[in-house]
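Visitor: Going line by line, the protein sequences match chains F and W.
Using our numbering, count along the first sequence one by one with no gaps and you end on 689.
Using our numbering, count along the second sequence one by one with no gaps and you end on 1306.
Treat the hints as calculated values from the structure; they're not laboratory data.
Heads up, the beta-carbon is just placed ideally off N, CA and C, and yes, glycines get one too.
Take a look, some chain W residues computed to stay more than 12 Å from chain F by CB distance: (1) Ala1145; (2) Asp1192; (3) Met1194; (4) Val1195; (5) Arg1201; (6) Ile1219; (7) Gly1223; (8) Lys1265; (9) Tyr1305.
Sample of chain W residues at the chain F side, in silico, Cβ under 10 Å: (10) Asn1096; (11) Arg1115; (12) Asp1161; (13) Lys1214.
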Amino acid sequence: MICTKKHRLSYTDAAKKIIDNLSLEEKVSLMGGNITRKEMLGSYKEGKHYNYDPYEAGGISGEHKTPSLRFCDGPRGVVCGRRKSTCFPVSMLRGATFDTELEEKIGRAIGKEVRAFGGNLFAGVCINLPYNPGWGRSQETYGEESFHLGRMGAALVRGVQSENVIACVKHFAFNQMEISRFKVSVECDKRTEREIFLPHFKDCIDEGAASIMSSYNLYQSTFCGHHNYLLKKVLKKEWDFDGFVMSDFIWGINDTVAAANGGQDMEMCNTVFFGDNLVKAVNNGFVSEDVINESAVRIVRTLLAFEEAYEEGEPYNESIIGCKKHISLALESARKGITLLQNKNNILPFSRKKVQNIVVLGKLAEKEVIGDHGSSQVYPKYVVTPLQGIANAVPEAKVIYYNGGSIEHATALAKDADAVVFVVGYDHDDEGEYVASNKKDAYTTGVGGDRKNSLGLHKDEIELIKTVGPANDNSCAVLIGGNTIIMSEWNDYVSSVLMAYYPGMEGGTAIGEILFGDVNPSGKLPYVLPYKESDLPQVNWDTESQFYQYYHGYAKLEKENVEPMLPYGFGLSYTSFKITDPDFKVDKEGVTASCAVKNSGDKNGTEVIQLYIGFKNSSVDRPVKLLRGFQRVELAAGEEKKVQISCPIEKLCWYNPDSEEMELEHMEYEVYIGTSSADKDLLHGKINI
Amino acid sequence: MNSYIFETIDYEKSFPAKVFITSIHNSNFHWHYEYELILVLKGSLSVNATPKPLILETGDILLINSKMVHSLKKTQEDNICLFIQLNQSLFNDWKNKKRDYYFYLNSKCTDLPPRKAYSEFIKIMANIAVEANKEDIAGYYRTKAWLFMLVADLFEFVHYDIRQFATVSNENNGAQTLMEIITFVEEHFKEDNMVDSLCKRIGMSEKTIYRFLKQNVGITLMGLTNNYKIEHSKAMLKFTDKPINYIATECGFTSDITFYRIFKKEVGVTPNDYRQSDVALEKNQEVKGYLDYSKKEAVDLLEKYL
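From just these sequences and the hints, can you work out the full model?
Guide: And the structure:
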């Protein structure tokens, strides 16, 4: 990566020199989007969608030329254009791969496509932690665990910025409720803030992310877009962030003075509160010109560094957008992330010899299940539906799809078939970005919102599985959705369950390949799957105030001794793995764990080895254990490898609200290495610090 | 097929349907790419198609899906039927071309009724026939308009399965193989080792052929073979004095008992009873019987449904 923080800081003088020559008006003009609201809405009328072209902000031509920012949204690819971009699986699926190398490659591919569209910033590093999985946009993030979010987000930052595209990390912070996002004030205690909701943002900043987007919601009654504590104290001062902050779009700033003094550097993507209003505020003494100078330096310095680095290399042209290499990366990701949750009597993989007649049920089977229709919607050249993917996997077989209607007919078809596949779950109307009840403001084409009614399947889908499932033992439910789908009501009625998330433009292909064993599934749940919703922290989705408890997800279930249906980090394979010889060491730098992993089955496969650290001896209230490392290991049948995972010592710290510091406890820690967060899948050890 | 009372003039090769009214005597097992809608305007018609043979009476409609093997026969009474053969292209211009639709539209069947009364479908069929008969430019476009209405109604109100093909597959090979199998059986059904030679001829195992037929046309090889045997035996029973056991052997049945059993099952009476019955059989099936029905009568019948 050329544009490291150090490299960017080397542009400080050059940036200052430019800014010294600019008028106040010019400097302020760098701090806001160049497109007007009217132009934006007008472009929709011309048949262009949200972010069809990169949204430009700032930039000055003439003698003191500074580059403009050109914004491209994500995260499942580049939102620009139509029938062009590579549509990757959603971040949640990519989280399930636990593959940081692959995420970095995806980042590079995205970076190249951003440049080919004429952009220079990718706002697709979404790392919000879903406090409750019902959050409508949780498909855009990697999972429920802060450590894992930090690692995956950092990998995407590395990839994108390696292509000299600015990575923008979002939404800072506490943005995990959709319907109430414009009005809710999140409250929590300091430990929850510092240990649960902020560390992954710090991880991405430490990785060198050059931009961050503030969120719409309020934290402790202050809009995050104006948040002096979050933006100035934590981000810019404590974390020593050198880049710039931008507001979330249109409604991310609500007050000129509060935003500017709160550490907001840029109003996106239309200039309303900044621009002339900000010039007036400075002239009237409400905002110091130093504030403007600082923001301008941050913006110009960053842009100069990235633009120059890009101009030194070969430019990318349109032919790289949606190219074969990128599409095969999307496929690789789907193959690695789709997670096998249940496989009674090893019913999967289906045998091509025996399964000649397959019935596919559920309306999502023939839909383009790539996810939300909000600001993250990507427009690829084509999408392989689950149905097409299954047909492609067995071209010789008879693949019949019935869209429901008559459950008796579905049952009759299933009875006659060699196998039955249910494709069930969600689409963009069930969960996703929610803009406004005011239609004229909406830039989304789905209903979206949080899953406020249920985390389970639709009633008709449950009825379908419960009625038709028993007609054929050779059955699989393929789940489509962005996060936890509760299965306890129906999982006994179907032999196998495959969580496909929103698997991207080649998702159908990967589903077909996994069902028929061409690909051995290796995804792992990046969230806990409880038996019932009430095991999770409860949220009032439509509210102006929401308190977040310290515990959520698997940490909450473990603390409360609640058995999950499936633990965090769980995923089945068509082969089996044996873990032996655990070894744990500790030094000043961190904890190093190792073990031997053997593929004890007869198929090649991949296992994700996970390191957890336990805090039972803590003098304060801490989780039973937390994920603190992971590593994918590819093993041929019978092969054995040694795996080593390290965790930096600061990742063992807790936040002491009295000293206002992250502190390391000196005590005996439990350490675990294994294949999921469940006790039975882990080998135990102890370390002393 | 039989001669037509009237049929659509061949406007152009691309016209997506063929509309005709005819009186059916006997149309042996065959299949085509077109979806075929049958409306019985008068009398009744015996149809042998999956899942089971049935008799359509006046006012009944039936949709025979693309590539499904079927046979049509007259019953004791004469019939007049409206046929609308819908070209596959009518169904293929939507997003996914790599698929076949299998509709469930059969007024004789109580399972899976459409979400709109059969009379509505009949009305559209009658309109298509009347407009097609006009042979003028307005009729040409109205026929097309009604055809599109019909297809829209099929998708909206009729239950259907989709057979999804792989992106890279060649379903035409399947159709060719099917044609080959049917022709082979027609020519060789009398032979003892017909199955063996068929396997050799098309390079498929018996199991594969079974599966292939079941999947593509919903009929077994045995069913197909028996059909030809029975048809041949019927002719011999009516037009020769050969003893039953001779006919059984001549038609390729392994024994008299098998012949009796299968004949009774398929025709409803024993071979002897059939021989003695008044049921007429066309001696030369190539020469069709005289058509009593005028175009006028056909149009009158249709108008009842408009």
